[in-house]
Amino acid sequence: MSALIIHGHFYQPPRENPWTGVIDPEPTAAPYSNWNERIHSECYEPNSAVPVVSPTGDKKIVNNYSNISFDFGPTLLSWLEKNHRDTYARVLAADAESVTNHQGHGNAIAHGYNHAILPLCNQRDRQTQVRWGLADFRHRFRREPASLWLPETACNNDVLDLLIDEELQFVILAPQQAKRVRTKSGEWLSVSADSLDTSSPYNYFHRDGSKRALAVFFYDPVLATEIAFGDALKSSAAFAEKLARRAAASAGLLNVATDGESYGHHHKFGDLCLAYALEVDAPARGFTITNYAEYLAAHPPQMEVAVSEGLLGEGSSWSCIHGVGRWIRDCGCQTDGKPGWNQKWRGPLRQALDYLRDEAAARFETTRHDLFIDPWKARDDAIQLILNERLSREQFLFAHAPRELALAERGRALLFLELQRNTLLMYTSCGWFFNDIAGIEPVQILKYAARAIDLMDKLGLPSPRERFLESLANAQSNRSECGTGADIFRSLVEPVNHLRHKDESWFNSEMF
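According to this note's numbering, the stretch in the sequence shown is residues 1 to 512, in order.
No lab work stands behind these hints: they were computed from the structure. Any given hint could be a false lead.
Distance condition first, Cα-Cα at most 16 Å in a straight line; then the derived EDC-like pairs of lysine to aspartate or glutamate [unchecked claim]: (1) Lys458 / Glu409; (2) Lys59 / Glu279; (3) Lys82 / Glu45; (4) Lys211 / Glu166; (5) Lys377 / Glu166; (6) Lys458 / Glu359; (7) Lys82 / Glu16; (8) Lys179 / Glu314; (9) Lys268 / Glu42; (10) Lys184 / Asp197; (11) Lys179 / Glu309; (12) Lys179 / Asp194; (13) Lys179 / Asp197; (14) Lys344 / Asp330; (15) Lys268 / Glu45; (16) Lys82 / Glu37; (17) Lys242 / Asp231; (18) Lys211 / Asp165; (19) Lys242 / Glu226; (20) Lys211 / Glu304; (21) Lys82 / Glu389; (22) Lys377 / Glu365; (23) Lys179 / Glu304.
Just the calculated beta-carbon pair ranges, DEER-fashion [as the list claims (entries may be wrong)]: (24) Gly104 / Arg390: 29 to 35 Å; (25) Asp208 / Leu492: 45 to 51 Å; (26) Asp165 / Ala284: 40 to 46 Å; (27) Asn342 / Ser491: 54 to 60 Å; (28) Ser491 / Asp165: 41 to 47 Å; (29) Asp86 / Ala30: 22 to 28 Å; (30) Asp208 / Arg124: 15 to 21 Å; (31) Glu365 / Asp208: 22 to 28 Å; (32) Arg143 / Asp165: 17 to 23 Å; (33) His299 / Ser195: 17 to 23 Å; (34) Lys377 / Ser235: 50 to 56 Å; (35) Ser491 / Glu394: 51 to 57 Å; (36) Lys82 / Thr28: 21 to 27 Å.
C-beta atoms are modelled at their ideal positions from N, C-alpha and C, and glycine is treated no differently.
Model the full assembly from the supplied sequences, consistent with the hints where possible.
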């Protein structure tokens, strides 16, 4: 019997208008009102209830999430919980079922909170992104997470050390992210995506010398490519044949990680193919369907791995051959750009957001010993206020303030936390992933920047707007009619502020 794990990464960026808390119309998602609704209809919902007819004619409804390893972006799960509770409930139920079926090991793993590229975050933001993602997982799945999906699988040694510090057991990476492996004999060997053995996990050891380790699974690159970009999902029988051929080349685990939207959104009927393959065709070929935590418990790592730090030492990922350049510069990686377009706007966009983040952080630090005992611990813990709008804000502040705060001071403290939430959301990775700064995704992260500036004004802090726009003016759109990032901010982002009908704030909701 061959062990098989298929991992689905299910994610959409946060799309809510930061002033109203609802998603504005997105015409490109037609006939749906927005992309979340469209992909829910084509992928998230269908995978939760797939009609399957067995070779003997028996009919049943299969929840694909019960058969695959998976992660869901926390902000996407929040949207599902509010807008499609049946789908949301089936996702949670699938994990609960898998815990029973896999000796206490669930299919679901946690996810970095809003899909920021963790190697490019500063230390504080990286920690909050991870801790918020873990807290969100505990809140929804009611158990401890064994792993956390790294957005774009982007990592460096700092990221992996943090996962060990947070007591996680394993992580999933792309094969090109392995640099060297140390064999049982102690010899270090250089590896590539083509030469790496992905049939077993490896140990990554914390750099502090404590011998604490994290297991690293590298997925099969051939299968991943065939699922994402090939014809693997055209037929469940053909899919099972591809699985069998790949399994024949290895002596251990066959595992693959893919964009979950491959199953129904990118490939029509991909959800049906997946269900038949895992319910019927793969077991018939001798595969045992498992998940990473269960496999790891029975097969601990025997070799060590050193991960790649990318071309410029910034980190590596699964979707940028240059490391993590796709989210910081014109590295050449892009999607659907027209001839002659460039992505030189990426650098100025990140520089402008870094400036705004640092200004907000400096002001937040001044609340130490005044509004908060430790403002950064308060920020880490504030995820509980996002997850539970009924949680007493007064009790939260009582636990984190150095003294009893007056009513106006409580409101001010909560506005500071809302400011920090928006500066974190600014770094959602989709803002850099595509081809132009005038696209829907960069405009969305600029909305979070505008909200942050608005909150700083409400707090009576010096406005960073002019310097922010000066930096953003260096980001030139490929569409001449759109101008620069500063022009886009003035024409497409700031008007949203003036049109708002409700000033939504997670932290001020039913404040006391």
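A quick look at each hint next to the structure:
Distance check on the hinted pair: Lys458 and Glu409 sit about 13 Å apart at the alpha-carbon level, within 16 Å; holds. Simply put, Lys59 and Glu279 have alpha-carbon atoms about 12 Å apart, close enough for the 16 Å limit, and the pair holds. Only pairs whose Cα atoms come within 16 Å are accepted, and Lys82 paired with Glu45 is accepted, the gap being roughly 14 Å. Simply put, Lys211 and Glu166 have alpha-carbon atoms about 15 Å apart, close enough for the 16 Å limit, and the pair holds.
Distance restraint check for Lys377 and Glu166: the Cα-Cα separation of roughly 15 Å lies within the 16 Å cut-off, and the hinted pair is therefore satisfied. As the CA atoms of Lys458 and Glu359 are separated by approximately 15 Å, the hinted pair is consistent with the 16 Å bound. Annotation: proposed proximity of Lys82 to Glu16 holds, straight-line Cα distance about 12 Å (limit 16 Å). Between the alpha carbons of Lys179 and Glu314 the distance comes to roughly 14 Å, so the proposed pair stays at or under 16 Å and holds.
Annotation: proposed proximity of Lys268 to Glu42 holds, straight-line Cα distance about 8 Å (limit 16 Å). Only pairs whose Cα atoms come within 16 Å are accepted, and Lys184 paired with Asp197 is accepted, the gap being roughly 14 Å. With a C-alpha separation of about 8 Å, the suggested pair Lys179 and Glu309 falls inside the 16 Å cut-off, and the hint holds. For the given pair, Lys179 sits about 12 Å from Asp194 by alpha-carbon distance, which is consistent with the 16 Å threshold.
Taken as a hint, the Lys179 and Asp197 pair is honoured in the structure, with Cα atoms around 12 Å apart against an allowance of 16 Å. Pair hint Lys344 plus Asp330 holds up; C-alpha atoms about 5 Å apart against a cutoff of 16 Å. The suggested pairing of Lys268 with Glu45 holds, with an alpha-carbon distance near 13 Å, which does not exceed 16 Å. For a cut-off of 16 Å, the pair hint linking Lys82 to Glu37 stands: about 12 Å separates their Cα positions.
This hinted pair checks out: Lys242 and Asp231 have alpha carbons roughly 10 Å apart, not beyond 16 Å. At most 16 Å may separate the alpha-carbon atoms for a hinted pair to count; Lys211 and Asp165 meet this at roughly 12 Å. For the given pair, Lys242 sits about 9 Å from Glu226 by alpha-carbon distance, which is consistent with the 16 Å threshold. For the given pair, Lys211 sits about 12 Å from Glu304 by alpha-carbon distance, which is consistent with the 16 Å threshold.
Restraint check for Lys82 and Glu389: the C-alpha separation of about 13 Å stays at or below 16 Å, so the hint holds. The hinted pair formed by Lys377 and Glu365 meets the criterion: a straight-line CA distance of about 11 Å does not exceed 16 Å. Between Lys179 and Glu304 the alpha-carbon distance is near 11 Å, which keeps this suggested pair within the 16 Å criterion. For Gly104 and Arg390, the hinted distance range of 29 to 35 Å is satisfied, since their beta carbons lie about 31 Å from each other.
For Asp208 paired with Leu492, a C-beta distance near 46 Å keeps the hint of 45 to 51 Å intact. The supplied range of 40 to 46 Å is met by Asp165 and Ala284, whose beta-carbon atoms lie about 43 Å from each other. Range check, Asn342 to Ser491: about 22 Å between beta-carbon atoms, so the 54 to 60 Å window is missed. Look at Ser491 against Asp165: about 44 Å separates their beta carbons, and that is inside 41 to 47 Å.
Under the hint 22 to 28 Å, the C-beta atoms of Asp86 and Ala30, about 24 Å apart, fit the expected range. A beta carbon spacing of about 19 Å between Asp208 and Arg124 agrees with the range 15 to 21 Å that was offered as a hint. Glu365 and Asp208 have their C-beta atoms about 26 Å apart, which keeps the hinted 22 to 28 Å range intact. At roughly 20 Å, the beta-carbon separation of Arg143 and Asp165 lies within the given 17 to 23 Å, and the hint holds.
About 21 Å separates the C-beta atoms of His299 and Ser195, a value consistent with the hinted range of 17 to 23 Å. The hinted range of 50 to 56 Å is satisfied by Lys377 and Ser235, whose Cβ atoms lie roughly 53 Å apart. For Ser491 and Glu394, the Cβ-Cβ distance of about 41 Å falls outside the hinted range of 51 to 57 Å, so the restraint is violated. The beta-carbon spacing between Lys82 and Thr28, approximately 22 Å, falls within the hinted interval of 21 to 27 Å.
Hint check: violations occur at hints 27, 35; the rest are consistent with the structure.
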